[in-house]
Amino acid sequence: MTESLLRTPLHQAHIAAGARMVAFAGYDMPVQYRDGVLKEHLWTREHAGAFDVSHMGPAFLTLNETTGDPDADHRAVSAIVETLVCGDIAGLKPGQLRYTLLLNAEGGMVDDLMVGRPHLMARQGMLYLVVNAATKDGDFALIEAAAAGKARLTRADDRALIALQGPEAAAVLSLLIPEAGELGFMQFRRFELHGEGVVVSRSGYTGEDGFEILVPAAIAERFWTALLADDRVRPIGLGARDSLRLEAGLPLYGHDADATVSPIEANLAFAVSKKRLKAGDFPGAARIAAERAGELRRLRVGLRVLEGAPAREGAEILDARGETVGRVTSGGFAPSLSAPIAMGFVPPLMATPGAPLQVVVRGKAQPAEVVAMPFVPHRYVRNA
Amino acid sequence: MRFTKDHEWIEVDGDVATVGITAYAADQLGDVVFVETPAVGKSVKKGDGLAVVESVKAASDVYAPVTGEVVDANAALSDTPETVNQSPEGDGWFAKVKLADPSEVDALMDRDAYEAFLATL
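Chains L and B supply the protein sequences, listed in that same order. This note's numbering applies: residue 56 is where the first sequence begins, and numbers increase by one. This note's numbering applies: residue 4 is where the second sequence begins, and numbers increase by one.
One chain only, chain B, in its complex shape (with noise of 0.2 angstroms):
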């Protein structure tokens, strides 16, 4: 797993990376009432809105952490959105996207530098 400093983790899978939003992100947003997911087939450049998770207060964007287009996204989050706070860095992914530039990925943190990063804020 590989991480953003926006808090957006992407896991790789040959060339389709699943991403979401990490543990830290989403305590920090509080309850997720509302998600939206892209549509599949939308192409995303690194760094554009690819999501959003809604609290009770506010809307955040979640950001594509690689360019690439997007050939699933986690519907099921629409009737069950509390599974981004249950399940941040597993169950509750927002969306997989095939890998533009594979190299952008070596470019993301890796645990241990996300780790020490959180410890920064």
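Chain L extracted, bound-state conformation (with noise of 0.2 angstroms):
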């Protein structure tokens, strides 16, 4: 079966280091390194880890024809965008990133992705796009289907995408990339590397401070073993990614979310512009808008296990009388809390910190609360 499996720029530089491979969205994948998915957690936490997330889908859409007036070509771009999603993509200021959500027209997620817009003004009337590893190819059929004959969508899934994370990520970053440690949380631009451009994000799905840097091909595994080659720095594998993401309440899509599930009942709101609401400009609006009136039926939330083994994917939730009320979308063990959490959907009601409730375990009923997301607060650098 592996042969059939697409390989990373840094294939070969993580079967050299002893990873252990999976399955992962149709590529092969390092679950974890030798440390293990436990240290490896509990180092990024504490110092910087190196991710390979070159499975997903960075991609830039560019205006077929530029007026020259870089706001209104930014303007233009963003609109064939924002007729897919619920963000404010106008509103993007040079150099800013902004966390959107891929919506059809019942107001489900198709994905979750980010849509940045470039520093330059000579590059303005393009988008810098990534969207999740499993659903890229659908994606990028939308976004090409909403730009034809308006401009072009150019994959970038070709290069490697290297997540650097930990509260000593910008310190490393700095070394090889002395400007990184200039972005502010969300922000991003393009650099030169070995004769080479690579676009670095401060943005990530662990919770820390962080970059996430788009490297081509031919310096990937040379700016990987740069990376690596720092003591601060570890690679870390799939297994810990997720568990840090989970610690910070991030949804995974496919798992948290999916094409049923809308940004409101996600506790995504924060990603719905207020502006674009009030226009009721885009796919599934008036469902949004009516969520947000009250007619909500579910809510993501965070569960803490009090007693028990950790509560996993599809364990059933129920509440404090036993009546089954919502299933767990994602769970385990935080290394960071030594405990197990969990997130999942429950009716509004019951969507409040310190509401209780069960999850079922191999046919156990073990007692849990709602607690607040994230479980472990983040550490984003809001102004560098």
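No false leads were slipped in.
Now the in silico label distances, taken between C-beta atoms and shown as ranges:
1) B:GLN31 x L:ARG287: 26 to 34 angstroms
2) B:GLY17 x L:GLY369: 38 to 46 angstroms
3) L:ALA134 x B:THR83: 54 to 62 angstroms
Treat the hints as calculated values from the structure; they're not laboratory data. Note that beta-carbon positions come from the ideal geometry of N, C-alpha and C, so glycine has one too.
Reconstruct the complex from the two isolated chains, following the hints.
In structure tokens form, the structure reads like this:
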């Protein structure tokens, strides 16, 4: 089976580092290295972890014809993407990145993604997009259809996308790309490295400060090796990436959200632009407005499992009387808390911190309670 | 000590077998963060789930290598599940099973046969 899996530009480096490889979204990916998930997780929270996330879907959407007016060109390319997402793309400042949601006509989530407006005036009329690995082909088809005749989508998933996350990430990256440390949270820029262009954003999915760096395949291994040569950096597999994002309260598309789940249900109301909701000009806007007005059936919450085994995806959630009220959508052991945590959907009335619930693991109901997310505080650098 | 292809070990003392997982299995699982041991008095058939070990990522069943009654369980693992990694073939045992049919033990691999089996994986 493995011969049909795609490989990232860093595949050989993972094998050489003793990674345990697994199939993920059609790619042969490192789930852990020799340290194992628990140590890799804690290392990232204390120092810096390097993650190969090249299986994801970076791309550029570029207007076929620009007017030369940077703001008008940005508005024109944003208008294409805004037909598909609920975020304010037109309102992005140069060099700014925004987390947004691709929606279907019913307001269900097709994917979550990053959209960025280039820093350079000469590149206005272009957007930087990063979508999820498992959904990228469908996402790109949707975007291309929306852009037909107006703009072209250039996939960049033949490059390496490397996340460097953790409190020491900025100090490490600044040694290789000095200006990278000047980026504020959710800003990005293009830099030169070894004569190639690299796109560096101050972002990530661990709850820590950090960067995501898009690197041409030709220099990918050289850059990865340079990162790992720093004693503060260790390679981190997808196993710890998942436990880190779970502690950070961040949803994983395909688990904590799917085509039936609205942004409001997914507890991602912050990603719905108020301006655009008022205009009602994105797919499913009517449902989202109704849900915001109180017609909400379920809400994604964080759960602390107070006793017993970790409750994992699919585990039933019961109310205090034992009635089934929902299901766990992701869950596991939180290394930074030394306790089991989970996310799942419950009726809004039970979605308040402290609400007593139960989770069923191997036939046993175990006490749990709703807790505010993130489980572990975010440590993003707001103003660099 | 005898071994199964599912990487359990048993050590027989009289008519009671102590059951655990091998060092190879513990290494494959990674850091153990939770262990569920069986209730004393429970009857298990060879191949039934006997215990559950959980890593950060996943839960894995430990199967009973023999048929019998659980006469003891390693309660210390609920507070110190990491013992399974530190001493898989010693203090990290899961349960003691009173053998219903001692001849079942003969069908299990000895250390040499298990090592040879590992070499094929």
